[in-house]
Amino acid sequence: MNYAERHVLETLIYLPMLAALVLVFVPRPQKTVIRWISIGSAIALLVMSVYAFLAFDYDGGARFQLQRSYPWLEILGIEFAMGIDGIAAPMVLLTGIVSAAGAIVAANIQRDNKDYYILLFLLIAGVYGTFVSMDLFFFFFFYELAIVPMYLLIGIWGSSSKFKDFDRPKEYGALKLVMMIVAASLLIWIVIIGIYAEAAAGSFNIEIIMAQVNAPGRFSETFQSVMFLMTMVGFGVLAGMWPFHTWSPDGHVAAPTSVSMLHAGVLMKLGGFGIIRIGMMLLPEGMQQWALLLFIIGTINVIYGAVSALAQHDLKYVIGYSSVSHMGYVFMGIATMTSVGLTGATLQMFAHGIMTALFFTVVGGIYERTHTRDTLVLNGLASKMKWGTAFFVIAGLASLGLPGLAGFVAELLVFIGAFRTEPILGALGVLGAAITAVYILRLIGRTFYGERDKKWDNITDLTSREFIAATILVLPLFYIGLYPQPLLRVIRPGVDAILAGLGA
Amino acid sequence: MNADFTLLIPEFILAGAGFLVLLVDLLLPREQEHRRNAFTSATAVLGLAVTGVVAATTQMNTGESFHDGLLFIDRYSLLFKVLFVGIGIAVVVMSVDYVAEKMSHPGEYYALIIFAVLGATLMAESGELLTAFISIELLSFSLYVLVGLSRGDARTAEASTKYILLGAISTAIMLYGISQLFGVMGTTRFTEMGGLLAAAGDWDMTLISGFVMVLAGLGFKLSMAPFHMWAPDVYEGAPTPITALIATLSKAAAIALLLRFLAEVGSGAVHEWRMPLAVLAAATMVIGSLSALPQTNIKRLLAYSSIAQIGFVLVGIVPNTVIGANAVLLHVIGYAFTNLAAFTVVIIIELKLGKETIADFAGLSKRAPVLAMIMTGALFSLAGLPIFAGFLTKFYLFTSAVDKSLEWLVVVAVATSVISLYYYIRIVREMYITETEDESKLPVPALLGLLAWVLFAGTIAVGIYPAPFVDATNAAVTVLTPWVAL
Amino acid sequence: MILELAHFQILAAALFCLGLYGVLARRSAVMVLMAVELMLNAVNINLVAFSAFRDISIVTGQVIAIFVITVAAAEIGLALAVIMRLYRRRGTVNVDEIDWMKG
Amino acid sequence: MGIEEAWLIPTYGFIAFGVIALFGRYLPSQGKHLSIIAIVAAFVTFWPVLFDFVSKGVGEYHVPRVWFSAGDISVGSGMIIDPLTIVMLALVTLVASLVQIYSLGYMRHSHKGHIADDPRIGWYFAVHSLFTAAMLTLVLADNLLLLYLAWELVGLCSYFLIGFWWERKSAVNASKKAFITTRVGDVGLLIGILILVAETGTFDISDIIYAVVNGDVSEGKTTLAAFMIFLGAMGKSAQFPLHVWLPDAMEGPTPVSALIHAATMVTAGVFLVARLLPIYEMAESAQMFIAIIGIVTALMGATLALVVTDLKRMLAYSTMSHLGFMMLTLGAGGFTAAAFHLLMHGVSKAMLFLSAGSIMHAMNDETDMNKMGGLRHRMPITGAAFTIGALSLSGIAPLAAFWSKDEMLLAIQDRLSPVFVVLFLVAVVLSALYMSRATYLVFFGPLKVENRRVHESPALMSMPLVVLAVLSVFAGFIALPLGGGYEGIGRFLFYGEHGHDFEFQPLWTVVSIVLATGGFGFGIWLYKSKRTTVDNLRVRFEGVHRVLINRYYMDTAYQWIVDRVVLALGRSVALFDRTIVNDRGVNGAGLTVLGMGKRLRSHVTGLFADYGLAMGSGVVAIALYVWLRSV
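Protein chains in written order, with the numbering used here: chain Z, 44 to 547; chain X, 118 to 603; chain C, 10 to 112; chain L, 58 to 688.
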């Protein structure tokens with residue numbers, strides 16, 4: 044490995060932290076300086092993420108690559124170990140893309156943008172850390188780090204909403220989001236400690252623990268069964284698993300744009316990633332036992348989320364529920380335990396991350412201009428927001444699984460996997476995609492088309508910053524949709540190794 | 118028999134410093150309150166610092182027992198000595214402005230803090246029941262007085278009365294326990310008791326009652342359930358720096374003694390006390406964290422939170438392993454930084470606003486952003502979130518318990534940990550989210566501000582670079598008899 | 010009747026319980042202190058008895074008892090001072106009335 | 058250049074779309090000419106491919122290419138070139154080129170007093186290019202996934218073009234309705250594809266067909282997949298009961314209706330079934346189902362076309378009816394007949410729509426036939442073209458659709474029971490009737506006063522009409538062996554041992570000619586001299602008329618289902634989610650814990666005695682616990 048390859052993963056963690064630290068010492072009124080430091084750092088992160096992704100040797104390389112390890116707490120066997128496999132590499136890329144777009148969109152923040160960016164970068168560091176950690180302690184460390192800033196980000200910069208028969212103050216959204224996810228993460232905590240004890244290898248390193256999984260007398264079926272269930276629920280909550288999903292719509296309704304982008308874009312993916320990382324890799328028998336339940340829940344997610352979204356008329360509620368629905372495909376893909384399905388699940392995480400971020404970019408733009416997200420009030424925006432409409436429609440089409448966009452390839456692979464294992468559930472999943480079309484088109488029809496109200500006569504199209512952010516997101520959406528091979532070939536070795544571990 | 122009094126030089130310096138503070142107070146004219154406060158506090162800090170430096174430089178490799186195990190001067194006690202001195206310095210520093218505003222006898226105040234530190238130090242060193250008892254009393258008496266010292270607040274009288282009366286009961290209970298243990302074993306030295314207990318077979322009622330009553334006495338200091346009920350009242354009523362002292366020094370000293378006692382005496386009969394202690398740990402965590410939920414007074418809330426924290430510590434003590442002990446010590450260190458940081462902020466708020474309810478923190482992020490950040494860090498650390506000390510130490514504690522088939526205890530601990538996040542985050546909400554009309558900047562006293570920064574840095578340091586701390590704790594616990602071999 | 014260790018133990022236990030009862034039942038803080046004194050004396054009886062019956066040459070029990078007496082004296086002194094302060098502030102020494110802080 | 062380069066045909070359109078969509082506003086006329094260049098280029102490129110195809114010998118050519126692979130699944134982006142593809146390529150490139158040229162004229166209308174291009178002309182042509190490219194991809198695709206991709210893309214373009222004038226609420230709703238209705242079918246299509254893929258492990262059409270025909274896929278699975286795939290075809294080809302979107306789709310610009318909703322996209326379903334016909338041959342019940350759906354659709358479309366007064370909608374129902382014919386024929390296994398009719402209908406119907414567009418262009422977007430009449434005097438070219446188209450589709454010899462209809466009739470009577478034959482003939486008569494009615498109402502009779510100033514459309518619009526009219530007259534003759542190695546469409550399409558010559562069974566031909574001509578003549582007679590009879594009939598059969606005017610109440614029923622079932626379900630699930638899952642479940646759990654805390658805190662009573670009691674009893678309890686454990 045050359046110098047850059049040795050250090051790229053740790054830099055992905057250090058750089059956002061460094062950016063946060065630098066921002067601490069920039070005077071508060073220097074808003075422009077803060078903005079450019081942040082955007083610059085985020086773009087540097089994007090470049091490094093792309094580099095890390097490209098440096099991954101998908102053809103015969105080791106399972107975990109770009110490895111780097113520092114001793115940290117030897118008595119407990121904790122080391123600051125990093126490395127990415129075929130599943131983590133696309134996630135790193137995703138994080139780079141969404142963070143860059145998010146940081147650019149966050150430039151719209153006027154009030155205390157210093158604190159905002161500090162928290163945002165801590166969150167980004169947490170996300171990167173989770174994806175690249177090979178040590179379960181640090182995995183959990185960064186996992187929590189990614190969640191906590193969310194509270195303040197939503198609580199301070201968010202917006203409260205009043206609906207016809209209920210209110211959703213921003214504190215509520217923020218508190219619910221953080222409490223639910225942290226509460227669930229404690230299950231993960233127990234699982235990590237349990238696995239550590241059961242492996243009795245005196246190490247939290249995933250590779251070392253994996254070597255113990257099949258050792259005689261270790262990781263009994265009951266142990267794996269219990270642990271997997273906890274893993275599933277623990278990570279499931281962050282991934283919006285029914286019935287623990289309600290933080291998602293309410294959280295997004297309250298959150299500021301760039302937070303929603305990062306949250307739905309990458310943070311929810313930590314959930315799916317965690318189920319693969321810990322559930323599938325370290326608890327293979329547990330996975331097999333609970334696969335059907337995961338499958339069913341995934342299907343419920345798909346249908347339930349889509350049906351709930353049908354009745355919403357707040358843009359963010361729709362997208363919040365659609366996230367619930369789309370994450371269902373991730374669960375389904377994982378539960379197929381087939382190479383195609385798991386690949387699809389990984390790709391779906393990637394695709395959904397980007398399309399939701401795109402959604403939120405536009406929705407945020409609309410909200411800033413009109414101060415409403417109510418589709419009953421908004422109408423005919425297309426004539427005033429040409430690009431905004433274009434981007435939203437593209438995101439919508441990706442969301443309803445239009446071929447040629449990233450979402451379709453992912454869903455298709457999930458469906459193929461599903462039809463090989465549980466065809467009925469797979470068919471329900473396909474049905475979910477049809478319902479998605481209904482609510483997405485209703486949304487587009489109401490918001491962008493039709494006659495325009497006089498009060499929207501003075502709104503403007505996306506600013507160049509928003510436009511650039513959206514473009515960063517749109518390009519991969521098309522690229523993956525039309526030519527997914529670069530991503531698929533990286534995912535492949537990761538998936539194969541996992542399935543070999545499952546004995547499937 | 119080793120009666121080398123040079124081993125006790127740090128303690129002598131400490132005692133001397135205490136008297137020196139009184140002397141300085143006496144020598145300065147009565148009306149120059151400001152100067153008296155400044156000089157006495159400076160003397161106190163100097164004395165504590167010298168003690169710490171002397172101890173750290175001369176006793177690094179000492180592993181002696183004084184008078185056949187009356188006191189142990191070893192790495193274990195050294196760790197606590199340095200910690201206690203550090204706590205002492207921090208509390209003195211955070212008291213300076215407080216004393217100037219609210220108290221009339223700075224000399225006595227600072228001297229008593231030093232004596233409390235001395236008592237705590239001796240607790241960490243003692244290897245014999247009577248010595249331990251005397252040390253506890255030295256600490257306790259200092260605290261009884263300190264709790265009641267405040268000038269203005271009528272609640273202090275109530276707090277000190279409850280504290281001393283309940284303390285007296287716990288003293289009596291513990292003494293009765295000591296007498297029972299002495300009656301059964303004929304000795305009060307930990308090492309000898311340990312051997313006898315390991316060979317004792319089944320425990321009879323005398324032994325049980327003795328053991329339980331000694332535990333109860335220590336449990337009172339720890340505020341372990343069901344001996345915790347004094348804590349909220351005393352925390353609330355005491356002058357805030359003293360609350361900080363109780364929360365950190367007194368707790369840490371009791372943990373030091375308990376850990377040594379259980380390791381040296383109890384190791385041979387772990388099966389007898391593990392489950393009962395685990396049950397108590399669970400009860401402590403549950404009661405502490407649930408009762409904290411509806412609190413409105415910040416000090417009272419911190420009291421319940423510290424009860425819950427003691428439950429977490431017990432999770433590390435229960436397994437009676439070197440990992441567990443390590444975890445406990447690391448947690449105590451991290452907790453000291455964290456709690457002192459939180460109390461520093463509380464003191465600043467109390468001094469500037471004269472109030473101490475959670476609602477008074479509203480808008481702090483606007484009025485004093487740095488304080489808000491530090492307080493948030495401290496609260497997140499208490500809640501066990503990264504990058505702060507609490508995350509690592511809790512993780513460490515809970516990991517240590519799972520080995521000894523105490524999974525259920527880990528589950529309880531983890532569950533209460535979630536609940537605790539709620540009440541910590543409520544304060545964060547007040548500081549950052551609740552809108553206030555008064556957005557004027559709060560002036561932060563330089564000294565207190567600096568202290569808060571230092572403690573905050575410590576909180577983070579333990580959280581992200583624990584290696585030096587872990588080296589120290591590991592060196593400390595491996596001198597305890599059952600783990601020497603390891 | 011020959012006095013055995015058990016008798017002293019029972020006496021001490023009874024005295025201790027009596028003291029505890031007094032602590033819990035009396036309303037005056039001063040009386041509570043008296044009751045605590047009773048408990049401490051139960052301890053002393055226990056200690057001295059154990060010491061005497063086990064091995065007359067070891068005086069640890071007696072030494073502890075002397076320490077207990079000393080500490081008890083100091084404690085009572087301190088406690089009385091505190092109760093005085095309470096009386097000055099609140100005009101009462103009734104422990105049932107000092108419940109401003111609770112919950 | 059030859060077969061290998063056939064991929065170029067769709068590529069121009071994709072490129073044109075990309076360039077116009079991204080940079081159109083920097084180009085003159087928003088880049089509309091680029092689109093025309095691309096489509097004409099496709100049309101031009103088609104010819105070398107055709108010659109190469111013929112010179113290499115008619116057959117099935119497969120040009121494979123890998124697109125991506127995941128796990129053990131590999132997805133291609135290759136082409137299949139067989140006679141069916143060639144026919145479709147010809148139709149699509151030709152009609153698309155003509156419609157594009159026509160659009161140049163049509164999309165110029167008076168805007169604020171002066172004639173100018175539509176403000177979104179670039180977008181219009183961009184989507185047109187995309188549509189054509191996608192449609193060409195669809196017919197070329199060698200695997201079901203690529204086909205599905207193109208399938209969805211044409212649907213998307215249809216969505217965009219129907220809703221092209223999105224300031225109109227009705228256009229937005231119609232586009233939404235079209236997309237969602239076809240999407241319902243697409244669910245089936247995707248499920249069907251997935252079943253086949255799960256069974257065979259490949260997307261490749263020929264491999265799948267091979268596997269199915271070889272019996273590698275169980276009969277049940279084959280039938281299920283066949284049904285499911287047909288659902289997709291039903292959606293796209295507006296078959297009952299998924300036809301409701303097609304009439305509404307007429308909200309789009311008329312050239313769009315001509316290209317997408319008459320000649321090409323709507324025939325995709327027919328094309329798909331034709332492509333996969335071997336699979337349907339293996340699933341008899343599915344094939345029967347297709348036949349039934351086909352005849353029901355044909356009759357329904359024909360009856361609706363009889364009463365509707367909107368010109369474009371009339372044409373839409375007619376399209377629906379003819380698509381029904383094609384499906385029915387496929388249900389009878391009449392591959393060549395269906396494909397032939399697809400071609401003939403495409404040409405004629407496109408022309409009819411373009412004529413309608415020409416009228417609308419002249420009459421300020423008027424579509425109500427009752428407001429027209431006698432227009433042949435003012436618009437001779439349009440009138441002639443329309444009449445030719447109407448006659449052709451009525452099946453009057455020797456125009457284009459006569460030949461194909463005859464073929465269909467033969468195929469049906471060959472394989473299906475006489476009931477189908479009778480019903481088919483009824484539909485044929487109805488077809489002739491509504492065509493004659495429309496022709497008469499629009500072009501004959503007295504010219505209305507307000508239409509005095511109507512005049513013929515510009516050359517850009519009438520030229521394509523002429524081309525198509527000529528084709529409508531003569532194209533049918535390709536059914537016959539024209540020499541030079543060409544043995545008629547039947548042989549061409551169904552090469553190999555199954556190929557058959559154009560049959561000419563005098564009996565059926567006479568029946569068909571008599572019925573068609575009779576029907577048409579009857580219609581003209583009825584409207585010309587017995588107008589009052591028509592009105593009387595309408596009054597006499599008021600119930601029937603109302604049912605027809607209300608389109609068999611199907612739209613109402615669907616609307617009811619959407620509003621009262623789907624949306625109501627959505628609302629109740631959302632309510633359930635908010636009140637039960639969230640407020641009860643999540644908040645409830647939180648509040649319960651908080652309540653526990655509130656209750657628990659009261660154990661600290663503030664009373665010294667209680668604290669002491671807790672300590673004392675605590676000691677006793679712990680001691681007892683330890684003791685009980687040890688005994």
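No wet-lab data here; the hints were simulated from the structure.
Check before you lean on any hint, since a few could be wrong.
Unchecked claim - Chain C is nowhere near these chain L residues, computed Cβ spacing over 12 Å in every case:
no., residue
1, Ala78
2, Gly116
3, Gly135
4, Ile266
5, Gly277
6, Asp422
7, Val661
8, Thr662
9, Leu664
10, Tyr668
11, Gly669
12, Gly673
Said to hold, decoys possible - Calculated pairs, BS3-like style, for lysine-lysine (alpha carbon to alpha carbon, straight line, at most 27 Å):
no., chain 1, residue 1, chain 2, residue 2
13, Z, Lys74, X, Lys219
14, Z, Lys498, Z, Lys429
15, Z, Lys74, X, Lys483
16, X, Lys219, X, Lys558
17, L, Lys655, Z, Lys427
18, X, Lys558, X, Lys469
19, X, Lys472, L, Lys655
20, L, Lys428, L, Lys505
21, Z, Lys427, Z, Lys497
22, L, Lys226, Z, Lys429
23, X, Lys219, C, Lys111
24, X, Lys483, X, Lys469
25, L, Lys226, L, Lys505
26, X, Lys472, X, Lys558
27, Z, Lys498, L, Lys505
28, L, Lys226, Z, Lys207
29, L, Lys505, L, Lys587
30, X, Lys521, C, Lys111
31, Z, Lys497, Z, Lys429
32, X, Lys483, X, Lys472
Each residue gets a CB set at the ideal place from its N, CA and C atoms; glycine is no exception.
Going down the list of hints, with the structure as the test:
{"no.": "1", "hint": "Ala78", "result": "68 Å, holds"}
{"no.": "2", "hint": "Gly116", "result": "91 Å, holds"}
{"no.": "3", "hint": "Gly135", "result": "77 Å, holds"}
{"no.": "4", "hint": "Ile266", "result": "79 Å, holds"}
{"no.": "5", "hint": "Gly277", "result": "70 Å, holds"}
{"no.": "6", "hint": "Asp422", "result": "77 Å, holds"}
{"no.": "7", "hint": "Val661", "result": "6 Å, violated"}
{"no.": "8", "hint": "Thr662", "result": "6 Å, violated"}
{"no.": "9", "hint": "Leu664", "result": "5 Å, violated"}
{"no.": "10", "hint": "Tyr668", "result": "10 Å, violated"}
{"no.": "11", "hint": "Gly669", "result": "5 Å, violated"}
{"no.": "12", "hint": "Gly673", "result": "5 Å, violated"}
{"no.": "13", "hint": "Z/Lys74 - X/Lys219", "result": "42 Å, violated"}
{"no.": "14", "hint": "Z/Lys498 - Z/Lys429", "result": "17 Å, holds"}
{"no.": "15", "hint": "Z/Lys74 - X/Lys483", "result": "17 Å, holds"}
{"no.": "16", "hint": "X/Lys219 - X/Lys558", "result": "23 Å, holds"}
{"no.": "17", "hint": "L/Lys655 - Z/Lys427", "result": "54 Å, violated"}
{"no.": "18", "hint": "X/Lys558 - X/Lys469", "result": "11 Å, holds"}
{"no.": "19", "hint": "X/Lys472 - L/Lys655", "result": "23 Å, holds"}
{"no.": "20", "hint": "L/Lys428 - L/Lys505", "result": "8 Å, holds"}
{"no.": "21", "hint": "Z/Lys427 - Z/Lys497", "result": "12 Å, holds"}
{"no.": "22", "hint": "L/Lys226 - Z/Lys429", "result": "18 Å, holds"}
{"no.": "23", "hint": "X/Lys219 - C/Lys111", "result": "24 Å, holds"}
{"no.": "24", "hint": "X/Lys483 - X/Lys469", "result": "15 Å, holds"}
{"no.": "25", "hint": "L/Lys226 - L/Lys505", "result": "31 Å, violated"}
{"no.": "26", "hint": "X/Lys472 - X/Lys558", "result": "17 Å, holds"}
{"no.": "27", "hint": "Z/Lys498 - L/Lys505", "result": "43 Å, violated"}
{"no.": "28", "hint": "L/Lys226 - Z/Lys207", "result": "26 Å, holds"}
{"no.": "29", "hint": "L/Lys505 - L/Lys587", "result": "19 Å, holds"}
{"no.": "30", "hint": "X/Lys521 - C/Lys111", "result": "38 Å, violated"}
{"no.": "31", "hint": "Z/Lys497 - Z/Lys429", "result": "17 Å, holds"}
{"no.": "32", "hint": "X/Lys483 - X/Lys472", "result": "18 Å, holds"}
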